[in-house]
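Each chain, letter by letter, is given below.
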Amino acid sequence: MEKTATLARELHTREMTLHMGPSHPAMHGTIRIFLELDGETVVSADVEIGYLHRAFEKTCENRTYHQAIIYTDRLNYVSPLINNFGYAMAVEKLFGVDVPERCKYIRVIMSEICRITDHLTNVGATAMELGAITAFLYMIKARETLWKLIEEAAGGRGVTPSYVRIGGVKDDLPVGFTDMALNAFKVVREVLQEVHGLLTKNRIFVDRTKGVGVITSEEALSYGITGPFLRSTGVDYDVRKAKPYMVYDKINFDIPVGTNGDNYDRYLVRMEEIQQSMRICEQALSNMPPGPVKVDDPRITFPCKKDVYTKMESLINHFKLFMDGHGIMPPKGEVYQAVEGANGELGFYVVSDGSGRPYRLRCRGPCFMIMSGLSRMIKGGMVADIVPTFGSVNMIGGECDR
Amino acid sequence: MYLDIIITLIKIAIVFGFVLNVAAILSWAERKQSAVMQDRIGANRADVLGFRIFGLFHPIADTIKMLTKEDWVPPAGDAFVHTMAPFLALFTALVVFAVIPFGDTLHIAGRDIPLQIADLNVGILFIVAFGGLGFYSVVLAGWSSENKYSLLGSLRAAAQLISYELALGLSIVGIVMVYGSIELDDIARAQGQYILGFIPYWGIIAQPLGFLLFFTAAVAETKRVPFDLPESESEIIGYFTEYSGMKFGAFWMGEFIEVVAVAGVVTALYFGGWQIPFVNNQGIFFPGLFTIPLPHVLIVLLQVAAFGLKVLFFCWFMLLVRWTLPRFRYDQLMAFGWKFMVPLALLNILVTGLFMYVF
Amino acid sequence: MENLFFYIAAMLAIVSASSVILQRKVMYSVLSLIVTLLSVAWMYAMLSAPFLAVVQVILYAGAIMVLFLFVVMMLKYEKTETFRFRPGLLWCLGLVAAIAFLIEIVLPLNMTESLAPAATALAPGFGSIKSLGSILYTQYLLPIELTGILLLVAVVGVALLSGVKKE
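Chains as they are written, first to last, in our numbering: chain A, -4 to 397; chain B, 58 to 416; chain C, 5 to 171.
A hint or two may mislead.
Think about it this way: if two alpha-carbon atoms lie no more than 27 Å apart in a straight line, the pair counts; the simulated DSS-like pairs of lysine-lysine are [unchecked claim]:
#, chain 1, residue 1, chain 2, residue 2
1, A, Lys196, B, Lys396
2, A, Lys181, A, Lys196
3, A, Lys315, A, Lys301
4, A, Lys165, A, Lys88
5, A, Lys327, A, Lys165
6, A, Lys327, A, Lys88
7, B, Lys205, C, Lys29
8, B, Lys396, A, Lys205
9, A, Lys165, A, Lys143
10, A, Lys374, B, Lys205
11, A, Lys327, A, Lys53
12, A, Lys315, A, Lys300
These are computed hints drawn from the structure, not numbers from a lab.
Next comes chain A alone, as it looks inside the complex (with noise of 0.2 Å):
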């Protein structure tokens, strides 16, 4: 009798706890998922992120403001330029200066574009990790043709470009930036033709993603979740057409909403915001007018280099822009500038004391969100349902850690 319950207590079934990473290869080294399975099925999941944080905050509150400008590259590194703008229109609102028209056309038809790389690299992530690895390689080639634009007006490439100037970007586009962006975009439509053949109706990536990793519109609002993956429940929140910023009042475009919130559905609202955004730089490249791409005010924008080296007011400008203890001083205050980020409401939180560095400067990522979500989505799934779940959060170890 005693042996049988020795036995028993011995033979009985249990969980097996399962560390998903960060050296996971689906994991991108940036999260840890504690896992309990029961077989293949998630019994319960405990998502550990933090493994990229980098302080962005506090360094930034060490910084000047437009030092502060590089570290915005690295939050959300495959669409950067989102950052960038996200919080030089932050800062600028704490001066309560407004760019040139000029300008928001090209901080619009360059966030766009960042938006394009962002999803194509999301959705060709998720696809690869699927192990569709050729659609992965078709949006990595159409996105190389778009990293060849922002590194044309940029100088730097997908990562670190660093376009931003507070009032203003730092230079004008580039000549015939036109047509090569629509050459770009003709390469991308290609892409997503290819890949709608691939994926698209594709029974086994159906299946895959299909009412896996569901989430309803209210638990996602109740989440603080936003971006693609909010639409994909229904509810159509776009800061773009919510709280319009820069010229997209004077856009057309369409935003797309799922209806299930499932990882197909986020797959479709992603591959259709692509189509926008190219709509949207299509419009902003032919209605863009003329004129300055700097805001003029001596308070913010830097001199140019040529007047720097042979006048003396510029010179003087140029030292109290760049001394200790002047620079770009916006007055005491604080603002709060939301941008639609490729995977969400991207905010910049920025207090000022008055001096040449943020007081305070909070970002919200929106990845964070949606990873508070993520352990409930995995939850009674498979152990293989995780990973296109988990790649449909387009989790951006920079932004959500920060």
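With the hints as your guide, set chains B and C onto chain A.
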């Protein structure tokens, strides 16, 4: 007696030479073909004295790399089983070639030499039996690694291999019924007939559904995309997570050898084996019109070449599939195997039986 | 030549069979059992019964042992009971049974004149699938069908037992 042994040894050398070389080249072809499909250049860096020959040195470079890497056994694992598993993988993949006929009987110097290493009278069943033993390499590799990911991989592999072996076995039944033999040699020979005098009576024409089922199940047995769940490098990394050096290389080679094996079996069963349409023992002929006689040795050589080409075609086709499709999920794979493949295979048997009864 | 192969197979079977009970690790026992089954299959193949040999490999090595392996894989085998030599009543009874079994095997062997196989030539096609099938489906049709029904019942039973538990 001794001559027989020597002839058998020569046949083994030819077949294994072909198989192992094709498997090695497949590792290059996989990289190169995927590169072509994905607008990349692909492997082209390894060079010998400045010659690169499209990166064909890469298999050699890979082998050297794997041979010189540290061979690591997990301290918590089981060293003996851990070492044995890759050998089993190679063995079960290679032994299948013993029964695949690669040419018609060669008459030379008064001897009849069947171009098949071992003419067993259980033919197909031998393939099913020893192909099924491949299961052990996977499961033992996962178990002996003492790694949860490996274990998950080997569990998936076990379930998958057993499930698809059933569909595989059932889909073969159709072809056995049609040609009335389970000896691969007989089946290959029977595929030299013609329907209506001019359509080659190949397995794919006699058993189109059976071909699809067999091919799908066979790809599933090779554990490659879309059936690469035991490996699925982005989910559970696979049953050979804890393997390094040439032991990993053995699994890798084993996979490519399995590809060649599947290509060989599919060719032998469904694509006429070594038959070339409109070429028979006498030479090129067109039914009812003319015959161009050819020397016997040339015909046999042509047939062997035809067999090799068909095998290469199927290898290429499997690489194509591998770089096109995403991967199944575990439960979907099981559902596909049990609820789709097996009933269809049974239906195929039924329909084949009805046809044979009626006609 | 054939004798040599037979002795190799027989030795392999005996060594691996004793290894099944002597191994301390359960996994090794299972692996030894697989080797035993394969060497028996080898002997079948040498006794002009290739079909039986292949079926032995497919069913025993390929399917039944897989289940054994599955179970053993899931157990943490350090905790399983290791082999202990502890004579008791059961052990004595086992010894008696073993000796009786040995005598039972050896006696008939001694009675026959030699160990050489019977000199009668086998009929052509003996042991082939065709002959086996025709015997099974004519002479032994009823047992075959009954076995089939039994297996079907077992399959249905398994489906019922494993399906009902889901809540």
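Here is what the structure says about each hint:
Pair hint A/Lys196 plus B/Lys396 holds up; C-alpha atoms about 21 Å apart against a cutoff of 27 Å. Between the alpha carbons of A/Lys181 and A/Lys196 the distance comes to roughly 22 Å, so the proposed pair stays at or under 27 Å and holds. Between A/Lys315 and A/Lys301, the direct Cα distance comes to roughly 17 Å. Compliance with the 27 Å bound is thereby established for this hinted pair. Distance check on the hinted pair: A/Lys165 and A/Lys88 sit about 19 Å apart at the alpha-carbon level, within 27 Å; holds.
Restraint check for A/Lys327 and A/Lys165: the C-alpha separation of about 26 Å stays at or below 27 Å, so the hint holds. Taken as a hint, the A/Lys327 and A/Lys88 pair is honoured in the structure, with Cα atoms around 12 Å apart against an allowance of 27 Å. With a C-alpha separation of about 20 Å, the suggested pairing of B/Lys205 with C/Lys29 holds against the 27 Å cut-off. The straight-line distance between the Cα atoms of B/Lys396 and A/Lys205 is roughly 20 Å, inside the 27 Å bound, and the hint therefore holds.
Distance restraint check for A/Lys165 and A/Lys143: the Cα-Cα separation of roughly 17 Å lies within the 27 Å cut-off, and the hinted pair is therefore satisfied. The straight-line distance between the Cα atoms of A/Lys374 and B/Lys205 is roughly 19 Å, inside the 27 Å bound, and the hint therefore holds. Simply put, A/Lys327 and A/Lys53 have alpha-carbon atoms about 19 Å apart, close enough for the 27 Å limit, and the pair holds. About 15 Å separates the Cα atoms of A/Lys315 and A/Lys300, which keeps this hinted pair within 27 Å; it holds.
No hint from the list above goes unmet by this structure.
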